[in-house]
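Student: Residue numbers (the numbering used here), protein chains in the order written: chain A, 510 to 835; chain B, 510 to 835.
Rather than coming from a laboratory, the hints here were simulated on the basis of the structure. Hints are not guaranteed to be accurate.
No distinction is drawn between identical chains; accordingly, a pair holds when it is met within one copy or between any pair of copies.
Unchecked claim - Derived SDA-like pairs (lysine to any residue); straight-line CA-CA distance at most 20 Å: (1) 514 / 647; (2) 826 / 522; (3) 514 / 726; (4) 629 / 679; (5) 826 / 585; (6) 514 / 592; (7) 570 / 828; (8) 514 / 725; (9) 790 / 698; (10) 514 / 698; (11) 790 / 631; (12) 514 / 680; (13) 570 / 533; (14) 514 / 571.
Here the structure is a predicted model, which means the values were calculated and not measured.
Below are the chains, spelled out letter by letter.
2 protein chains.
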Amino acid sequence: MQAGKRNLITDVEGLVVGNASDATIKTGVTVLTSNMAFTAGLQVMGGAPGTRESDLLAPDKTVQQVDALVLSGGSAFGLDAPSGVADAMRLQGRGFPVGDQIVPIVPGAILFDLLNGGDKSWSENPYKQLGAEALADASDLFDLGTVGAGTGATLASLKGGLGSASVVLPSGHTVGALVAVNALGDATVDDSHFWAAPFETDNEFGGLGVAQSYPRGLPRTKMASHAANTTIAIVATDAALDQSQCTRLATAAHDGMARALVPSHTPMDGDLIYGVSTGAKPLDNPALDTLWLGHAAATCLARAIARGVFHATPADKDTVPSYAYR
Amino acid sequence: MQAGKRNLITDVEGLVVGNASDATIKTGVTVLTSNMAFTAGLQVMGGAPGTRESDLLAPDKTVQQVDALVLSGGSAFGLDAPSGVADAMRLQGRGFPVGDQIVPIVPGAILFDLLNGGDKSWSENPYKQLGAEALADASDLFDLGTVGAGTGATLASLKGGLGSASVVLPSGHTVGALVAVNALGDATVDDSHFWAAPFETDNEFGGLGVAQSYPRGLPRTKMASHAANTTIAIVATDAALDQSQCTRLATAAHDGMARALVPSHTPMDGDLIYGVSTGAKPLDNPALDTLWLGHAAATCLARAIARGVFHATPADKDTVPSYAYR
């Protein structure tokens with residue numbers, strides 16, 4: 510399977526990503542949006558999620574499409590980020606029309622980055638402003654690593670970060686993943702070799718291949734210091750999927766999280782994945798296409814997780830080293 | 510982490526497993542039970558499940574404990590297997606008392622093995638009888654491979670089978686897994702090296718280590734021939750967990766399926782996992798213990814999947830080779 514030309518989720522045509530960060534607080538926000546509303550579903554697998562607007566993403570609820578999705582640092586405080594995005598979209602006239610009013614639909618999820626060495630002494634919640642800035646930054650090109658919602662992200666042994674990857678299937682459908690990697694566990698077996706190595710494409714995270722020896726005891730986690738974490742992701746495709754199919758895309762993508770992070774989906778991780786369809790390309794063979802779309806979403810997400818860690822960069826007051834500077 | 514003395518789910522004290530099979534039909538039934546009712550939860554992740562009594566396993570429902578769990582071949586016809594188990598238990602006076610009546614609580618799940626070369630021309634549904642036979646066979650020792658619900662199981666390239674493994678955690682809690690491996694995908698990267706190799710303990714499935722090269726294209730699946738499959742599993746512990754915690758144990762264990770089978774959790778797999786607690790040993794530190802129990806369940810299940818395939822044996826009219834005879 511070939512990566513798309515940018516190897517980013519924005520290889521799914523129409524999708525754009527914006528990032529904003531605050532280096533002092535060591536936190537940030539990432540927004541995925543498009544000129545057109547897009548279909549979205551959600552699968553929560555971790556034990557400690559933090560979200561808003563999840564209920565409307567259930568396939569039996571009326572609203573099937575959203576205007577943006579937000580990934581944010583800040584734990585529950587980061588749930589203000591979608592407010593900044595929604596208010597800015599309202600001024601742009603974007604959203605769900607109800608009479609002469611417009612309501613932007615902006616679900617969002619947060620990760621815990623409150624114990625990462627940053628200065629958390631703010632008096633006014635900064636996430637609404639960061640959300641607005643991230644929306645204003647939206648583009649089809651964006652950086653990976655210590656960026657957006659990945660700014661303050663950590664793993665047990667190394668810095669986390671913002672990751673992305675894409676793949677073009679033989680059917681012509683494109684699948685992309687976007688992830689803020691902040692797990693309780695680790696993305697590397699031994700600080701060098703990534704758990705996701707079997708799925709690496711074009712040496713996109715160093716090309717070291719798979720580890721030759723594996724830990725026999727309990728793996729490293731953040732439990733010694735604190736127990737609040739979370740990896741949050743979006744998988745997207747141009748294949749025309751309804752909200753149920755987007756939910757199943759997200760479900761399948763959790764396999765990528767399991768393969769790239771050990772341990773994963775713990776009681777202290779709010780691990781969740783949004784599944785997105787722009788609806789541009791019909792399915793040729795629904796049974797086969799949804800099978801390969803799910804596999805591609807899992808594979809893309811595993812690669813995106815490794816890339817987010819691979820591209821992390823050092824910053825003041827870091828509590829753990831960055832992969833490339835370890 | 511050390512395996513238990515049998516490296517079977519029956520290392521969780523009190524649990525016993527029984528198997529029955531029909532070599533002509535190429536199918537069978539596996540029962541997990543105990544002298545005492547045990548707490549059970551369920552997490553369904555595949556797109557095509559076949560079950561009975563799942564609804565009572567939700568943590569908000571009244572019944573929290575079950576008398577047995579059944580894994581069966583036969584697709585929807587296999588849902589008769591729990592009937593055979595329940596009727597036999599009734600005669601033994603085992604079940605949930607209501608007035609002077611006893612109702613055995615026997616949830617069950619099926620896998621699809623109707624296109625595996627067996628003679629499917631039966632006129633009377635055989636699964637009720639197989640269920641009763643499996644219950645009568647229950648013991649703390651049982652065989653792996655082409656046994657019980659794994660009798661007719663297949664993967665894309667090799668035979669599937671019944672697998673089991675166990676681990677004893679540093680906390681003293683034991684975790685075990687039992688699985689009938691019948692995925693759309695494969696448990697091996699290249700017919701030799703298992704996807705689960707990073708987690709192998711004591712050369713329990715051949716000790717070949719990890720594959721050095723990985724497929725770049727779409728992985729092999731059964732889609733060319735048929736699209737009905739399913740891997741069904743039980744993870745169990747002697748740690749005292751309530752039904753919500755059993756459900757989370759099952760959720761965490763799905764990571765093991767993702768790591769041992771590629772692809773996994775597809776729209777054509779009814780992949781699901783029961784989480785079981787005998788309640789014998791209290792948790793010392795609920796946050797830490799549930800973290801490691803979940804990780805152990807995922808790791809055990811990955812190993813059990815590889816072991817089920819490793820121990821498969823050839824039989825008449827097989828459609829795919831057995832691992833050790835490939």
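Student: At 20 Å max between alpha carbons, let me know whether residue 629 reaches residue 679 within a copy, between copies, both or neither.
Tutor: neither (47 Å within a copy, 36 Å between copies)
Student: With 20 Å as the alpha-carbon cut-off, assign the pair residue 514 and residue 726 to within, between, both or neither.
Tutor: Classified as between: cross-chain Cα gap 18 Å, same-chain 40 Å, threshold 20 Å.
Student: Please work out whether the CA atoms of residue 790 and residue 631 approach to 20 Å or closer within one copy, between two copies, in both situations, or in neither?
Tutor: neither (46 Å within a copy, 45 Å between copies)
Student: Between copies, within a copy, both or neither: which fits residue 514 and residue 680 at Cα up to 20 Å?
Tutor: within (17 Å within a copy, 49 Å between copies)
Student: Tell me, please, which holds for residue 570 and residue 828 at an alpha-carbon limit of 20 Å: within, between, both or neither?
Tutor: Neither, since 42 Å and 44 Å both go past 20 Å.
Student: Are the CA atoms of residue 514 and residue 725 at most 20 Å apart within a copy, between copies, both, or neither?
Tutor: This pair counts as between: shortest inter-copy Cα distance 17 Å, intra-copy 39 Å.
Student: Is the C-alpha distance from residue 514 to residue 647 at most 20 Å within one copy, between copies, in both cases, or in neither?
Tutor: within (18 Å within a copy, 57 Å between copies)
Student: State whether the alpha carbon distance between residue 570 and residue 533 is at most 20 Å within one copy, between copies, both, or neither.
Tutor: neither (40 Å within a copy, 48 Å between copies)
Student: When no copy is specified for residue 514 and residue 592, does a C-alpha distance of 20 Å or less occur within a copy, between copies, both, or neither?
Tutor: The answer is neither: 33 Å in one copy and 56 Å across copies each exceed 20 Å.
Student: How would you classify residue 514 and residue 698 at a CA-CA limit of 20 Å: within, between, both, or neither?
Tutor: neither (29 Å within a copy, 28 Å between copies)
Student: Is it within a copy, between copies, both, or neither that the alpha carbon of residue 790 lies no farther than 20 Å from that of residue 698?
Tutor: Neither: 38 Å inside a chain and 31 Å across chains, both beyond 20 Å.
Student: Could you place residue 826 and residue 585 in one of the four classes (within, between, both, neither) given a Cα distance threshold of 20 Å?
Tutor: Neither. Shortest intra-copy (23 Å) and inter-copy (58 Å) distances fail the 20 Å Cα cut-off.
In this structure, the earlier hints numbered 2, 4, 5, 6, 7, 9, 10, 11, 13 and 14 are contradicted, and the remaining ones agree with it.
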